[in-house]
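Visitor: Please construct the entire structure, taking both the sequences and the accompanying hints into account.
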Amino acid sequence: MNELERVVVVGASLAGTTVVDTLRRLGYAGSVTLIGAERHPAYNRPALSKGVVAGTDGLDDIVLPPPSGEVDQLIGTPAVALHADRKEVVLAGGDRIRYDGLVIATGARARRLADLGAADPGVQETTFRDLDDAHRLSALLATRPHVVIVGAGILGMELASACVDRGATVTVVDRQPPLLGQLGPYLADLLITAAARRRVRFAHHPGGVRLRGTSGPPAVELADGRRFAGDHVLSAVGCAAETGWLASSGLAGAHGLVVDTRCRVAPGIVAAGDVVAFPSAAGPRRTPWWHSALEQARTAARALLHGDDAPPLTPSPYFWTDQFGMRVRVAGLLPAAGRPAVVDGSLPDDEPWAGSALLRWPGRGVAAAVNRRIPIGRLRALAQLEPAGT
Amino acid sequence: MRVSVDRDRCEGYGLCAEEASHLMHLDDDGELVLDRAEVPPESSDAVEAAVRVCPVAALKVS
Ligand SMILES: Cc1cc2nc3c(=O)[nH]c(=O)nc-3n(C[C@H](O)[C@H](O)[C@H](O)COP(=O)(O)OP(=O)(O)OC[C@H]3O[C@@H](n4cnc5c(N)ncnc54)[C@H](O)[C@@H]3O)c2cc1C
Ligand code: SF4
Numbered sequence: 255m256n257e258l259e260r261v262v263v264v265g266a267s268l269a270g271t272t273v274v275d276t277l278r279r280l281g282y283a284g285s286v287t288l289i290g291a292e293r294h295p296a297y298n299r300p301a302l303s304k305g306v307v308a309g310t311d312g313l314d315d316i317v318l319p320p321p322s323g324e325v326d327q328l329i330g331t332p333a334v335a336l337h338a339d340r341k342e343v344v345l346a347g348g349d350r351i352r353y354d355g356l357v358i359a360t361g362a363r364a365r366r367l368a369d370l371g372a373a374d375p376g377v378q379e380t381t382f383r384d385l386d387d388a389h390r391l392s393a394l395l396a397t398r399p400h401v402v403i404v405g406a407g408i409l410g411m412e413l414a415s416a417c418v419d420r421g422a423t424v425t426v427v428d429r430q431p432p433l434l435g436q437l438g439p440y441l442a443d444l445l446i447t448a449a450a451r452r453r454v455r456f457a458h459h460p461g462g463v464r465l466r467g468t469s470g471p472p473a474v475e476l477a478d479g480r481r482f483a484g485d486h487v488l489s490a491v492g493c494a495a496e497t498g499w500l501a502s503s504g505l506a507g508a509h510g511l512v513v514d515t516r517c518r519v520a521p522g523i524v525a526a527g528d529v530v531a532f533p534s535a536a537g538p539r540r541t542p543w544w545h546s547a548l549e550q551a552r553t554a555a556r557a558l559l560h561g562d563d564a565p566p567l568t569p570s571p572y573f574w575t576d577q578f579g580m581r582v583r584v585a586g587l588l589p590a591a592g593r594p595a596v597v598d599g600s601l602p603d604d605e606p607w608a609g610s611a612l613l614r615w616p617g618r619g620v621a622a623a624v625n626r627r628i629p630i631g632r633l634r635a636l637a638q639l640e641p642a643g644t
Numbered sequence: 261m262r263v264s265v266d267r268d269r270c271e272g273y274g275l276c277a278e279e280a281s282h283l284m285h286l287d288d289d290g291e292l293v294l295d296r297a298e299v300p301p302e303s304s305d306a307v308e309a310a311v312r313v314c315p316v317a318a319l320k321v322s
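In order, the protein sequences belong to chains S and X.
Start counting the first sequence at 255; every next residue gets the next number (our numbering).
Start counting the second sequence at 261; every next residue gets the next number (our numbering).
Please keep in mind that the hints were generated in silico from the structure rather than gathered at the bench.
Since this is a predicted model, take the numbers as computed values, not measurements.
Incorrect hints may appear among the rest.
Stated by the list, open to error - If you want a taste of the chain X side facing chain S, the calculated C-beta under 7 Å gives, among others:
1) Gly-272
2) Tyr-273
3) Gly-274
4) Leu-286
5) Gly-290
6) Asp-305
7) Glu-308
8) Ala-309
9) Val-311
10) Arg-312
11) Val-313
12) Pro-315
13) Ala-317
Said to hold, decoys possible - Simulated restraints on C-beta separations:
14) X:Met-261 to S:Gly-631: 21 to 31 Å
15) X:Asp-287 to S:Asp-374: 52 to 62 Å
16) S:Ser-600 to X:Val-293: 53 to 63 Å
Unchecked claim - Sample of chain X residues with no beta-carbon within 12 Å of chain S, all distances over it, derived:
17) Leu-294
18) Asp-295
19) Arg-296
20) Ala-297
21) Glu-298
22) Pro-300
Don't be surprised by glycine CBs; every beta carbon is placed ideally from N, CA and C.
Guide: What follows is the structure, encoded as structure tokens:
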């Protein structure tokens, strides 16, 4: 076993702090340095598009306790480069931090339409990812504006929901129909019905979306020429692995930061969370969700300490979203094709928000709880039931 | 150190209990039960980890 005395963790959010916890729990007694770019202490990120924008949560409600045990924290100082050959991380101020073991947990950043070549040059583009973004949007909502959201995925829909809760009117524009690609037709319809009741308007066109205008708030244009202008325009078009600081290290390739099933990147280097592309039947895939970050962080800590003797990770996907008065939790791999069997409860087609149900997609390993509490373990067991076993 | 759960927030996910199974568990209805509110010093790390992994920030230590 290699001697590990100095562990450096880059990224001080869920994945990074969970790796630190797990290392200590496993008895690692060497030094730990936690490097984080944000100037805030770590907080619960999913709450941003829910309670924080809705105005019910402040930083105090969502802040995470500091990592346990002795940890040197360098908060508000981004890492700007990695020299893997010298085992050094370079910080923004020029300081170099030596490590024996490195944990990459830099998460993701909001993707921009500009990154996709779908914005006029110089256009002002606003995205949503961190606490500062959430405070900014929350302040803008005080005037009950009209908000145009580009992107009808999970984040775009949660933001739409939080905006209407604050009295804004919202239009959501996308290349694809809302949520279909992420959740599958049944769950997508459920949430669209709930959104329509709150008067959210939708528009989509397979030809795509473009952000136009070079001064003032931009307008959104669909490929068929329809234009959407609002007081504010917000892009919610997915996230991309935060690997910019690894550029010169050669570790992150076309598929992102690819790890093995023990979350290892290279000798002495592990990674976890939104930054990671994890092996799947369809090749390396990012699964930028809370539960994935947790299970990867625990795996990565073990692998750093025990190498090949650490158990590989078999992911057990778990996902949830809150929007338009609906709370959906899903165990298993999304999107879920077809109609589910209702195991318990009911969801009226015309007013699903009034019901609650446990759903199961037989043969697909997917189960969902809508507006209903159920421990993760039980939802997983339901997802895994064999079709013949019911 | 004391740990408390905000019942309005807690959604019964049970991720916290995976971190500190000797201090909390989910009952059959998915309600979180704190087996001891007063956290012994040797368990403070486990409890802080439990607080951190809760997806809806329902646990607090004081
Ligand atoms: C608005 C929003 C809502 C969400 N809602 C849900 C939900 O309902 N359900 C769900 O399952 N998941 C949700 N997620 C996803 C979930 O928040 C992430 O999966 C989780 O936060 C991943 O944790 P992480 O530690 O890998 O990455 P992050 O939380 O992204 O943290 C990475 C950290 O690394 C820091 N960092 C980046 N680069 C550097 C650098 N060079 N040097 C130092 N530090 C750096 C960043 O500042 C950041 O603090 C949501 C995400 C967002 C943005
Ligand atoms: S993880 Fe959070 S929501 Fe889940 S049972 Fe624990 S306190 Fe409740």
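Visitor: What hint numbers does the structure not satisfy?
Guide: Hint check: 16 fails alone, others pass.
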